[in-house]
Amino acid sequence: MSSEYEIVVGLEIHTELCTRRKAFCGCPNNFKVPPNTNICPTCLGVPGALPVLNPEMLEFALRVCLALHTKINQRCHFDRKHYFYPDLPKGYQISQKYRQIGVEGFIPIETEDGGEKRVRISDVHMEEDTGTLAHTEAYVRKGTSTVNYNRCGVPLLEIVSHPDMRSIAEVSSYMHRMRDLLDFLAVSDCRMEEGSIRYEASVSLRPFGQEEYGTRVEIKNLGSFRSVEQALEAEIRRQKRILASGTPLRQETVLFDENLKETRPMRSKESSSDYRYFPEPDLPPIVISDERLNEVKQTMPPLRDTVMKLMIEEHGLTPYAADVLTASRALADYSRDAVRAGGKEMAVPVANWLQNTVLGYLNETGLEIAAFPVSAQELADLVRKVEEKKITAAAAKTCLRESLSGKGSLRDLLARQGEAVSDDAQLVQWIRDVITENPDKVESYRSGRTNLIQFFVGQVMRLSKGRAQAQKVKELLEEELGG
Amino acid sequence: MPETRSSERIEISLQQLRDIAFLSRLEVPDESLEELRSDFLALLNHFKQIDELPTDGVEPMAHPLELSNVFLQEGVRCPAEPDELLQNALEVDSERRVIVPRVVE
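Residue numbers (the numbering used here), protein chains in the order written: chain A, 1 to 483; chain B, 1 to 105.
Don't take each hint at face value.
Unchecked claim - Coverage of chain A stretches by chain B, computed from C-beta distances (three or more under 8 Å per stretch; other residues unrestricted):
(1) 22-35
(2) 46-55
(3) 76-88
(4) 128-136
(5) 146-157
(6) 260-266
(7) 282-290
Keep in mind that the hints were calculated from the coordinates and are not lab data. Yeah, the Cβ is synthetic: ideal placement off N, Cα and C, and Gly gets one too.
Let the sequences and hints guide you as you build the complete structure.
Structure below.
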């Protein structure tokens with residue numbers, strides 16, 4: 001039954017732009033400060049205060065338009081979208097309705113069979129964020145809510161797709177590709193958990209082969225990849241159930257309940273979809289010259305694909321390593337710096353250290369690469385020492401760990417560690433000590449429990465305080481034990 | 001211009017008027033609705049008349065002034081202090097949040 005219908009999904013993405021100041025006033029664009037600190041007459045909508053466009057917002061919007069291959073309206077303007085809600089003190093949101101900055105573009109996504117397809121972008125437009133409402137229980141009981149206007153007037157970019165996605169996997173790929181794009185263009189900090197990217201999905205079903213779209217339902221207020229995927233699953237289930245019962249679907253807006261994993265219709269508070277848009281009289285139109293557009297093109301940061309390609313072609317990394325090391329722009333920047341600092345012949349070992357040790361540490365601690373205390377240069381130097389067999393890999397790891405846990409600078413710890421021991425006589429001495437101390441284990445080994453070799457290697461490493469090369473120790477051990 | 005268009009009068013029902021008043025958060029007593037309707041219609045019909053002008057090939061005007069690209073300058077700061085601005089709020093809690101009538105069920 002479930003395969004009777006084709007899924008048709010379109011997505012709206014709202015992303016906060018990480019400009020230094022708000023969209024239309026000089027307030028800092030940073031709402032991690034005490035409530036109602038970054039506010040001014042303009043973003044509070046005090047009568048008489050006038051908005052002025054932040055040019056950084058325009059530049060960021062242009063980067064996104066260029067990356068999404070949209071047609072750019074070199075003459076565009078803002079419009080007012082009216083509605084009353086306490087998080088919007090002006091009574092309208094400054095947005096772009098009639099002539100958006102970018103129209104008709106596309107982004108390639110991955111299809112389920114591993115191929116690629118283009119999802120068409122219908123428009124990209126600039127607008128402003130609202131304040132944040134809180135409905136804590138104590139207040140709600142008293143019949144009140146609270147508002148913090150720090151976020152009010154923060155620049156937002158809305159990216160609207162055509163209904164071109166045909167499965168949840170495609171939606172997922174779209175969201176990931178779009179996140180990468182916004183991250184690598186350095187226009188958004190992409191912190192989903194802080195609401196810097198939000199989604200609205202529209203979904204309909206139609207019998208396979210049918211040209212015409214089915215009735216469309218919109219799902220509002222989705223804050224993560226996961227909630228978009230789960231909300232779509234739930235809504236598709238609901239629509240199939242209704243269609244199976246022979247009832248026609250209603251075109252409506254639904255909300256997703258994260259706990260119950262189901263969608264339910266939003267209460268229609270009023271016939272509020274009439275936003276009474278009109279051109280914003282307080283902001284003159286924007287004219288983007290060819291020169292300006294070229295400037296923005298020339299200074300665009302490279303997208304993830306380009307960075308990956310560079311890592312593979314110039315530094316000889318595997319596609320897998322390049323993929324892992326470009327999971328975010330910050331990680332890609334650090335990786336590029338480390339690989340460059342190490343020089344050509346060190347590129348692959350540096351990449352291995354990044355993937356295993358650095359990412360392992362970040363995963364364990366939940367830190368981000370920006371908080372990684374060892375510089376790219378220091379990491380590259382460390383790897384070079386290991387590669388040149390000046391220290392053992394084990395000792396290098398120990399020093400790195402100790403440095404990361406605050407036991408001193410990597411340089412000091414390495415100096416204290418001492419150089420690797422490659423003198424066979426010394427190694428053989430330690431090996432004989434270990435053999436003498438463990439006669440029963442030696443017996444077992446010789447009677448066939450050869451995996452005990454790891455135990456012996458460990459013991460020798462302990463005696464050498466990590467300065468022995470494990471591989472060398474293993475070889476010598478096998479000789480000694482075999483004899 | 002087609003003849004029929006200019007001869008059509010715009011109509012507006014009392015319910016439409018009530019809806020528009022609601023969207024604008026205006027309280028209009030029932031006894032004022034008729035008068036408001038005639039004022040409203042006069043405006044709408046005036047615009048309808050303007051609508052009849054031939055505008056083919058004319059760029060829609062988004063702004064009445066010949067002005068474009070007015071951008072925020074670096075280093076411009078707001079002269080008003082946040083604390084001063086918060087005094088416009090009816091009520092502010094101890095954490096500086098503005099208290100408003102409840103907006104959820």
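Status of the hints after comparison with the structure:
1. 22-35: Held - the stretch 22-35 of chain A has 6 residues with a Cβ nearer than 8 Å to chain B, which meets the minimum of three.
2. 46-55: holds (count 5)
3. 76-88: holds (count 5)
4. 128-136: Our answer is that it holds, as 3 residues pass the Cβ test (under 8 Å) against chain B, meeting three.
5. 146-157: With 4 residues close enough to chain B, the hint holds.
6. 260-266: As far as the stretch 260-266 of chain A goes, the hint is violated, because 0 residues have Cβ atoms under 8 Å from chain B.
7. 282-290: holds (count 5)
Against the hints set out earlier in the document, a violation occurs for number 6 only.
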